[in-house]
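K.L.:
Next come the chains, spelled out residue by residue.
2 protein chains.
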Amino acid sequence: MNIRLDLQYDGTNYHGWQIQPRDITVQSVLMRAVAEVTSRRANIIGCGRTDAKVHALHYVCNFDIDTTVPIERMPHALNAHLPDDIVIRSASIVPDDFRANQSAVKKTYLYRILNTEMPDAFLRNYAWHFKYPLDFEKMRAGAKAFLGEHDFIGFAAAGFTVKTTVRTIYSLDLRKNGNMIEMEICGNGFLYNMVRIIAGTLAYMGNGRIDYRDADAVVASRDRNRAGITAPPQGLFLKEVFY
Amino acid sequence: MNIRLDLQYDGTNYHGWQIQPRDITVQSVLMRAVAEVTSRRANIIGCGRTDAKVHALHYVCNFDIDTTVPIERMPHALNAHLPDDIVIRSASIVPDDFRANQSAVKKTYLYRILNTEMPDAFLRNYAWHFKYPLDFEKMRAGAKAFLGEHDFIGFAAAGFTVKTTVRTIYSLDLRKNGNMIEMEICGNGFLYNMVRIIAGTLAYMGNGRIDYRDADAVVASRDRNRAGITAPPQGLFLKEVFY
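Protein chains in written order, with this note's numbering: chain A, 1 to 243; chain S, 1 to 243.
Bear in mind the hints are in silico, worked out from the structure with no lab data behind them.
Keep in mind that a hint or two might mislead.
The list treats identical chains as one, so a pair stands whether inside a single copy or across any two.
[As the list claims (entries may be wrong)] Taking lysine-lysine and the DSS-like style, the derived pairs with C-alpha atoms no more than 30 Å apart in a straight line are:
no.	residue 1	residue 2
1	Lys239	Lys176
2	Lys176	Lys144
3	Lys239	Lys131
4	Lys131	Lys163
5	Lys106	Lys138
6	Lys53	Lys239
These figures come from a predicted structure and were not determined experimentally.
If we strip away everything but chain A, and leave its shape as in the complex, we get (with noise of 0.2 Å):
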């Protein structure tokens, strides 16, 4: 049977979602749990990749696996072999056509930039501390630049492999809470690291050192050299995936 589980994890001490042949990965562990909570191996597929430090809020991956472990039991039985950073929140049986990475249609990323002089004790694994001057209104004006169909190239780092570097933003959302502007943006797809260099180039346009009217021309450049720093990824949350 196919199993989807919804997962959240706090991605401070590993080295992101996808396995890897010598550090810890959010994937390799689960598939350990999987292995000793159903004495098979599985193939565990993941909505998406997530760097070192990055988190989930809410991730769902599936496997396929023949057991007799209750599908109500799962979360429980999991989490008992999980550590407690990574949380199993639910589990069910989804039709065998179901992939948790081509089956999904949006997803939404959340990104934290903490704007203070001091760095706070408790937000350095959460929160990108920005320490410069950040206006708010020019990060909010710049934003409008990146909604609907671009091709993103510029705001990928190297390396990828797509068959397209076109998607689609549906929506992307400023909000302040005092020292704390976060960034929600949801759209059809992500290049390798598109949410950190698209929040490194809008706290650019804050802080000056990108003109925050020049945004539409820096998207329609396709150049990386226009677009800001990539931000850091402990400001980075998986938010929801959408099927």
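Using the hints, position chain S against chain A.
P.N.:
Same frame as chain A, now just chain S:
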């Protein structure tokens, strides 16, 4: 000169404040940073002990030192030598007779209880996960019994040495935000584990294991066996120290 530091720390990776022969503590790490910045060994006086895994949103310490480092540069200089889970927020020169411990007149602690069936990956180090039902109104009713001056010997762990076990609680407020219950308690002093035992007792009242209508009798009994369990350390935050 007598220097006062105001700092915060995430206690997750420390064996508490107080220096220990073998284990890493906040005081020992801070002493090393002060030595690196000033080339002097200082005797750092903290405002109180915190247990392993307990946090401080606002901690105060002081030390007497002869240094040419300007006081306004001290926070950044120390932070450059500290791990990022300890952050010096400010430094000031205080009168010679200021002692972070003896000069404190009251303290406020925060205790957080996450009342959900499932644990939360992001709160594992910052709240007590209590998965059984809690009746918030019973907890609030029971909390009133702790207000005022009482002999809190029934709410202290063994092994302490103090002149008196009488303490005054000025306020004890309970708040509920979604599934998170927060207890904020302010008093002129707290015995060893006192805040955690009060939190555990209120949880037991909310859960019905202790009748909340017996709260006055439980406090008056001075009997550790009538109180609830010692709530775990990760839910506890020192919030404020008053001088």
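K.L.:
Each hint needs a verdict: does it hold in this structure or not?
P.N.:
Quick rundown of the hints versus the structure:
1. Lys239 - Lys176: Classified as both; 18 Å inside a copy, 24 Å across copies.
2. Lys176 - Lys144: Cα proximity of lysine 176 and lysine 144: one copy only (17 Å, versus 37 Å across).
3. Lys239 - Lys131: For lysine 239 and lysine 131, both the intra-copy (25 Å) and inter-copy (24 Å) Cα distances are at most 30 Å.
4. Lys131 - Lys163: neither (38 Å within a copy, 47 Å between copies)
5. Lys106 - Lys138: within (27 Å within a copy, 44 Å between copies)
6. Lys53 - Lys239: So lysine 53 and lysine 239 pass the 30 Å test inside a copy (15 Å) and across (28 Å) alike.
Of the hints listed earlier, the one the structure fails to meet is number 4.
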